[in-house]
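Enquirer: In the order they appear, the protein sequences are chains A and B.
Heads up: the first sequence runs through residues 1 to 392, numbered per full-length UniProt numbering.
Heads up: the second sequence runs through residues 1 to 392, numbered per full-length UniProt numbering.
No wet-lab data here; the hints were simulated from the structure.
You may find that some hints are simply not true.
Copies of the same chain are indistinguishable here, so a pair counts whether it falls within one copy or spans any two.
[What the hints assert, rightly or not] Under the rule of at most 25 angstroms between Cα atoms (straight-line distance), these lysine-lysine pairs were calculated in the DSS-like manner:
#, residue 1, residue 2
1, K223, K55
2, K129, K311
3, K350, K209
4, K55, K129
5, K223, K87
6, K350, K87
7, K55, K165
Quantities reported herein were computed from a predicted structural model and do not represent experimental measurements.
There are 2 protein chains.
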Amino acid sequence: MALLVQKFGGTSVGSIERIEAVAERVIQTRQLGHKVVVVLSAMSGETNRLLGLAKQIDEVPTPRELDVLLTAGEQVSIALLAMAINKRGFNAVSMTADQVTIRTDNAFNNANIISIDTDRLESQLEQGKIVIVAGFQGRDSHNNITTLGRGGSDTTAVAVAGALKADECQIFTDVDGVYTTDPRIVPSAARLPEIHFDHMQTMAACGAKVLQLQSVEYARMHKVPLRVLSSFEEGEGTLVNFETQHSPVMVGIALQRQQALIHIDVPLAELQQQVDLFGLQVWAVTNTAQSAQIVVANDDLARLRLVFDNKMRHISDVSTLSMVGDNVVTVAEAVVTTLSNTNIQVHHNKQMTDCVSLLINEADHQTAVEVIHRQFVVNQELLGNPSLLAVS
Amino acid sequence: MALLVQKFGGTSVGSIERIEAVAERVIQTRQLGHKVVVVLSAMSGETNRLLGLAKQIDEVPTPRELDVLLTAGEQVSIALLAMAINKRGFNAVSMTADQVTIRTDNAFNNANIISIDTDRLESQLEQGKIVIVAGFQGRDSHNNITTLGRGGSDTTAVAVAGALKADECQIFTDVDGVYTTDPRIVPSAARLPEIHFDHMQTMAACGAKVLQLQSVEYARMHKVPLRVLSSFEEGEGTLVNFETQHSPVMVGIALQRQQALIHIDVPLAELQQQVDLFGLQVWAVTNTAQSAQIVVANDDLARLRLVFDNKMRHISDVSTLSMVGDNVVTVAEAVVTTLSNTNIQVHHNKQMTDCVSLLINEADHQTAVEVIHRQFVVNQELLGNPSLLAVS
Numbered sequence: 001m002a003l004l005v006q007k008f009g010g011t012s013v014g015s016i017e018r019i020e021a022v023a024e025r026v027i028q029t030r031q032l033g034h035k036v037v038v039v040l041s042a043m044s045g046e047t048n049r050l051l052g053l054a055k056q057i058d059e060v061p062t063p064r065e066l067d068v069l070l071t072a073g074e075q076v077s078i079a080l081l082a083m084a085i086n087k088r089g090f091n092a093v094s095m096t097a098d099q100v101t102i103r104t105d106n107a108f109n110n111a112n113i114i115s116i117d118t119d120r121l122e123s124q125l126e127q128g129k130i131v132i133v134a135g136f137q138g139r140d141s142h143n144n145i146t147t148l149g150r151g152g153s154d155t156t157a158v159a160v161a162g163a164l165k166a167d168e169c170q171i172f173t174d175v176d177g178v179y180t181t182d183p184r185i186v187p188s189a190a191r192l193p194e195i196h197f198d199h200m201q202t203m204a205a206c207g208a209k210v211l212q213l214q215s216v217e218y219a220r221m222h223k224v225p226l227r228v229l230s231s232f233e234e235g236e237g238t239l240v241n242f243e244t245q246h247s248p249v250m251v252g253i254a255l256q257r258q259q260a261l262i263h264i265d266v267p268l269a270e271l272q273q274q275v276d277l278f279g280l281q282v283w284a285v286t287n288t289a290q291s292a293q294i295v296v297a298n299d300d301l302a303r304l305r306l307v308f309d310n311k312m313r314h315i316s317d318v319s320t321l322s323m324v325g326d327n328v329v330t331v332a333e334a335v336v337t338t339l340s341n342t343n344i345q346v347h348h349n350k351q352m353t354d355c356v357s358l359l360i361n362e363a364d365h366q367t368a369v370e371v372i373h374r375q376f377v378v379n380q381e382l383l384g385n386p387s388l389l390a391v392s
Numbered sequence: 001m002a003l004l005v006q007k008f009g010g011t012s013v014g015s016i017e018r019i020e021a022v023a024e025r026v027i028q029t030r031q032l033g034h035k036v037v038v039v040l041s042a043m044s045g046e047t048n049r050l051l052g053l054a055k056q057i058d059e060v061p062t063p064r065e066l067d068v069l070l071t072a073g074e075q076v077s078i079a080l081l082a083m084a085i086n087k088r089g090f091n092a093v094s095m096t097a098d099q100v101t102i103r104t105d106n107a108f109n110n111a112n113i114i115s116i117d118t119d120r121l122e123s124q125l126e127q128g129k130i131v132i133v134a135g136f137q138g139r140d141s142h143n144n145i146t147t148l149g150r151g152g153s154d155t156t157a158v159a160v161a162g163a164l165k166a167d168e169c170q171i172f173t174d175v176d177g178v179y180t181t182d183p184r185i186v187p188s189a190a191r192l193p194e195i196h197f198d199h200m201q202t203m204a205a206c207g208a209k210v211l212q213l214q215s216v217e218y219a220r221m222h223k224v225p226l227r228v229l230s231s232f233e234e235g236e237g238t239l240v241n242f243e244t245q246h247s248p249v250m251v252g253i254a255l256q257r258q259q260a261l262i263h264i265d266v267p268l269a270e271l272q273q274q275v276d277l278f279g280l281q282v283w284a285v286t287n288t289a290q291s292a293q294i295v296v297a298n299d300d301l302a303r304l305r306l307v308f309d310n311k312m313r314h315i316s317d318v319s320t321l322s323m324v325g326d327n328v329v330t331v332a333e334a335v336v337t338t339l340s341n342t343n344i345q346v347h348h349n350k351q352m353t354d355c356v357s358l359l360i361n362e363a364d365h366q367t368a369v370e371v372i373h374r375q376f377v378v379n380q381e382l383l384g385n386p387s388l389l390a391v392s
């Protein structure tokens with residue numbers, strides 16, 4: 001008998017039919033004798049609907065109140081799943097973040113979990129109940145409602161699994177595992193049966209959406225075995241762990257789309273201060289004494305405009321493409337040459353231990369990922385001799 | 001400088017435009033120097049939307065989980081109003097029931113408020129903030145989410161006003177006061193400038209929807225001055241208090257529609273036990289050793305069917321019409337005669353100190369209310385001599 005945490009995302013609970021299917025799957029696990037804690041996101045579309053209401057009132061809504069608003073979404077899905085399980089004769093109970101006591105810092109919209117009280121969770125599990133926890137939400141030390149940022153339900157699941165010392169944290173999603181790259185962009189992308197925590201963390205940091213960065217970091221730190229599975233079909237999914245049998249030069253390619261490359265006439269230090277205040281992630285690609293060029297998500301432009309509107313110029317649509325693997329730097333030059341041969345311009349590149357990131361025009365993203373995936377991920381056998389690739 | 005509690009119902013916050021209008025009105029009050037606590041319902045339609053989702057899963061959803069589900073509605077409206085006020089340069093903060101600490105008993109779906117902690121409310125008010133409290137919701141002693149039943153936001157408002165010893169509790173709604181009867185059914189119904197707590201309580205108990213019974217009882221017990229106002233137009237509304245200058249024989253007529261008169265082959269005592277267990281309100285009109293005839297809301301039929309399905313017979317659509325006034329029993333016979341002359345059958349009647357209730361066919365409700373209102377409320381001068389009315 002194991003203790004499992006099962007997390008279902010928005011698409012998995014996107015309709016009453018889907019919720020009923022999740023109920024069936026959770027009951028299956030329970031019937032095998034396991035203890036089950038379920039962590040849910042809001043029904044798909046709900047978070048965007050609520051955000052849309054807020055933006056009708058204020059383009060940049062009060063961060064505290066935005067969290068009050070958005071957490072209503074998970075409260076709906078946990079109640080509905082509990083009803084569906086109870087209707088089937090099993091005993092389920094929903095719990096919001098404050099009922100579990102999921103304590104976070106006070107960084108509204110992007111909070112970090114500080115602690116999770118397991119007393120009430122454990123007492124419900126001892127009573128044989130299936131416990132359904134609202135993902136994405138927490139409470140700060142003043143009992144204000146906080147959220148963990150988009151995708152934060154993964155973090156909740158991993159943190160709950162860590163606190164309960166669960167045997168596995170299973171992330172059910174609309175894809176059946178972690179892929180070499182986004183299969184919606186590159187249909188030939190392949191599912192990885194396993195991936196090392198190092199690489200998963202870098203992929204997530206560079207925009208792979210299958211798992212949220214904070215959740216991977218948390219799982220790694222607390223050594224929580226993590227598995228990505230499909231909500232819709234049976235399968236083994238992808239196991240994220242500390243030992244992998246096979247580590248190719250390029251494990252996968254992560255893509256961050258809908259970004260803006262901006263030139264701002266403000267010294268980088270001053271800019272960085274403001275960016276930290278907003279809690280934004282930026283890539284500072286160049287800087288001089290008086291100005292800097294940075295890459296930010298389009299969604300974050302409105303905030304920067306609040307402060308720097310008349311100092312921003314040359315805004316262009318870009319994507320960041322990040323290749324991950326222990327020795328991926330050895331093929332960086334070959335990749336740039338390959339793209340150049342395909343008439344794709346690389347504006348900037350950044351090399352880290354196990355990752356090379358390239359800044360390209362948004363319009364080029366599909367071709368670029370396809371070409372690199374074909375040449376450097378699928379043709380892994382070529383990678384023994386990178387020099388061959390430069391001329392291919 | 002007064003301390004005011006202002007409650008706005010679902011229609012008043014039914015759209016972004018309405019929420020902006022409420023923001024303006026609350027700010028007006030604040031600008032007059034008053035301290036303001038706002039209590040909100042869910043946006044109109046939201047509670048029914050959520051209930052609809054639940055009923056797709058289970059016709060009789062788990063009561064505990066239904067409360068988790070429904071309270072998401074107020075969480076949305078309080079956050080949006082706080083944003084709208086903040087956007088206008090005033091300082092607002094939203095609070096859920098658990099943040100205020102509104103303690104109730106554990107009667108899910110129909111809980112009673114036990115206590116309200118005023119510490120956090122008062123500290124926010126001291127800081128000059130407009131505090132926006134989620135109506136309708138509470139927490140039991142195990143921190144489970146509870147709701148106060150339909151219209152429960154009124155109760156929250158009155159209870160908060162009582163706990164804070166507010167100068168007035170203002171209930172903003174889609175009508176501009178308490179009327180002699182429902183003006184949507186009888187257009188000539190008149191607004192009462194004031195009404196005695198006794199009569200208001202009886203009107204509410206008998207189905208007048210303008211104020212919820214529990215809230216009137218609570219306001220009366222805690223001597224909270226209560227005022228019903230329109231959200232949409234200026235005006236004095238109706239003041240509910242302990243002294244009224246004028247008390248006609250028939251103050252008003254309350255109507256309960258969509259009810260069922262059922263014959264159940266179960267002794268009344270046994271039936272009553274089950275009804276109490278479900279927390280239903282019924283009118284037991286007849287009973288023998290082996291059976292009883294009761295009136296229940298159509299909405300409650302499903303629950304009774306769970307237990308008594310094969311013992312229920314003769315279900316008919318009825319309405320209850322209740323006339324309120326200190327001496328209204330003196331005209332009871334005249335009313336029945338008048339209805340009889342209009343070919344409206346009164347199945348049963350019940351006389352209490354300040355109220356006479358009549359059971360009529362659902363199809364007759366409009367004519368019956370119109371006739372009685374015209375003869376006994378509008379023509380108050382005739383009431384000095386009730387015998388005149390019997391032959392009119």
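Enquirer: Each hint needs a verdict: does it hold in this structure or not?
Expert: Quick rundown of the hints versus the structure:
{"no.": "1", "hint": "K223 - K55", "result": "neither (39 angstroms within a copy, 41 angstroms between copies)"}
{"no.": "2", "hint": "K129 - K311", "result": "neither (57 angstroms within a copy, 35 angstroms between copies)"}
{"no.": "3", "hint": "K350 - K209", "result": "within (21 angstroms within a copy, 66 angstroms between copies)"}
{"no.": "4", "hint": "K55 - K129", "result": "between (39 angstroms within a copy, 22 angstroms between copies)"}
{"no.": "5", "hint": "K223 - K87", "result": "neither (36 angstroms within a copy, 44 angstroms between copies)"}
{"no.": "6", "hint": "K350 - K87", "result": "neither (54 angstroms within a copy, 40 angstroms between copies)"}
{"no.": "7", "hint": "K55 - K165", "result": "neither (40 angstroms within a copy, 36 angstroms between copies)"}
Checked against the numbered hints given earlier, this structure breaks hints 1, 2, 5, 6, 7; the rest are met.
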